[in-house]
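As you go down the protein sequences, you meet chains Y and E in turn. The letter at position 299 of the first sequence is residue 298 when you use numbering that gives the first Met the number 0, and the numbering goes up by one with no holes. The letter at position 126 of the second sequence is residue 125 when you use numbering that gives the first Met the number 0, and the numbering goes up by one with no holes.
Just so you know, these hints were derived from the structure itself, not from any lab. One should not assume that every hint holds.
To be verified - Restraint ranges, calculated between C-beta atoms of paired labels, are given here:
1. G272(Y) / D135(E): 46 to 54 Å
2. S192(Y) / L50(E): 48 to 56 Å
3. P72(Y) / V60(E): 47 to 55 Å
4. W83(E) / P72(Y): 39 to 47 Å
5. L31(E) / D51(Y): 31 to 39 Å
6. L31(E) / G215(Y): 50 to 58 Å
7. D18(Y) / L31(E): 42 to 50 Å
8. G176(E) / A75(Y): 22 to 30 Å
9. S192(Y) / D135(E): 30 to 38 Å
10. R210(Y) / L57(E): 56 to 64 Å
To be verified - Covered stretches of chain E, going by a simulated chain Y footprint (3 or more residues, C-beta under 8 Å):
11. 21-27
12. 121-133
Glycine included, every Cβ here is placed at the ideal spot set by N, Cα and C.
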Amino acid sequence: MIEVAIRLARPGGFALDCDFTVPARGVTALFGRSGAGKTTIIQAVAGVVRPDAGRIVVAGEVFFDSARRIDVPIEARRVGYVFQDARLFPHLPVERNLRYGERRSRAVERPIGFEAVVALLGIGHLLARRPHTLSGGERQRVAIGRALLAQPRLLLMDEPLAALDEARRTEILPYLERLRDTMGLPILYVSHSLDEVLRLADTLVALREGRQVAAGPLAQVMSQPDMLPVLGRFDLGTLLDCEVVRHDADYALSTLAFAGGELRVPQVERAVGATVRARVRARDVAIALAKPESVSVSNLLPAMVEDVRAQEGPYADIALRVGEGRLAAMVTRESAERLGLRPGLTVWAMVKSVAVEGSRPEFRDAGPTAPR
Amino acid sequence: MDMLTPEEWTAVALSLRVAFWATFWSLPFAVLTAWVLARGRFPGRSLLDGLVYLPLVLPKVVVGYLLLLSLGGRGFIGQYLDAWFGIKLIFTTAGATVAAAVVSFPLTVNAIRLALEAVDRGLETAARTLGASRLDVFFSVTLPLMLPGILSGALLAIASALGEFGATITFVSNVEGQTRTIPLAIYSATHMPDGDAMALRLTLVSVVLALGSLLLASVVDRRIRVMIGRA
């Protein structure tokens, strides 16, 4: 497990207060807007920033404990840190950048091999180059490789894609997915981009203005109404783990099954039986009291209202139970009153749009494994 | 080589030797001082700062006289240097080297300090997360990145040591072959009835040496910047 429970106050008025325990495997995203305290948390985990009080424990190893006066120095923590701005050593060629941490790793055995990392990140042709001759995307890949070769027990990534343009981002994301799926290394991933989080994360810690809003498995956290201030109205929604049931080549559609029924979506490039993650935004779910007959929306699901939250402002947040699953919906407060939405009411959920976020292999056992 | 008389060659060779050794010995101390001034947080830092830059603003004759008082044959340090180690600085090349080193020290420290302050501390943090201790980080990251500053500081030190006059003549006097560097030789020449030609030739040498070291500094600086990827 990775346990982070820290408090910290800065003269500028910034204060951080968080307390979460997440699995020491897969990707844990620290998510929130800038100024939320995401970077400060991983700096504290790395030992770069010292919290005022608290505890940081990674896989049984105590990094920091104010009560027991433990503060392990940065270099002894063995965490790989990938900075937003790469921070390659300008005076060393790529290969010596990569070897910098490898040479200094005290591990007797080095489970993460040089050749494997170079192959994983596709940087073999860059080894002799100088950092200033690399593109932003290449630099970031080398920085990831350098961190991996230091044989870390935990990888910290601070918005590794934020400094890159859209094309470079698309170039790097597949490498990050391969890294997640092959290295068996826990990753703390800082991001303010929902797309990245949905694509990479298994666990989510949501932060807002230095406070922890929610922490837990991604799908569970994403549908919590607490997430509204973090995500905003536009992005609030539900994540559904689905199985591809069949493809309909005539209409280029696929059918996905989830706990609450089936969804018809534009054809996904996955085999029948594959697991995919689908996202339904709350604003894309409309509610009808009777089954609508002549509508263009093809995903109609029988549902039951579980909760209605409508205090002020134009919108009401509706929690629906659909079969064994849940779905968040958003309608105007006026509509909610007109329809008389209340817990227990049976309704029809009209899902106007579904985004499919890509497939997820099952977790491998913890412990580094060589990439294929 | 009859461009210069043997006496003039002696002065030129002596100047180069004094300037080289003065820079050589003061460089490690200059790096250390620059590091302490740029990174250190301790009471009395401002005082140290002032002391380091003092020789730059004091009249050089005063610097020379202070050296005489402290390191001279009966100086409070000098007498022990002689008694314990047999080191005599008065009237010797070693003394001229000390005078040149003290006078050029603030310039060297300043150049190195600017270079140190330009080093991205984020790179040092990155190095530590990769398992390097503080000392390791200094030698593997900070020092290589300071290299252009250290070299330009060294060349500046050599150039200023070549031109040192006041402190040298006050501290170790004007002894041919021992302490008579180019500036002192020019000064002597102007006091001789037929010394004008000699003064002129040595002046020319001074200009060439100064210009040469400045050019060398810019070439070396450019080379190193390319080498460490700062071009």
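Violations among the numbered hints: 8 and 11
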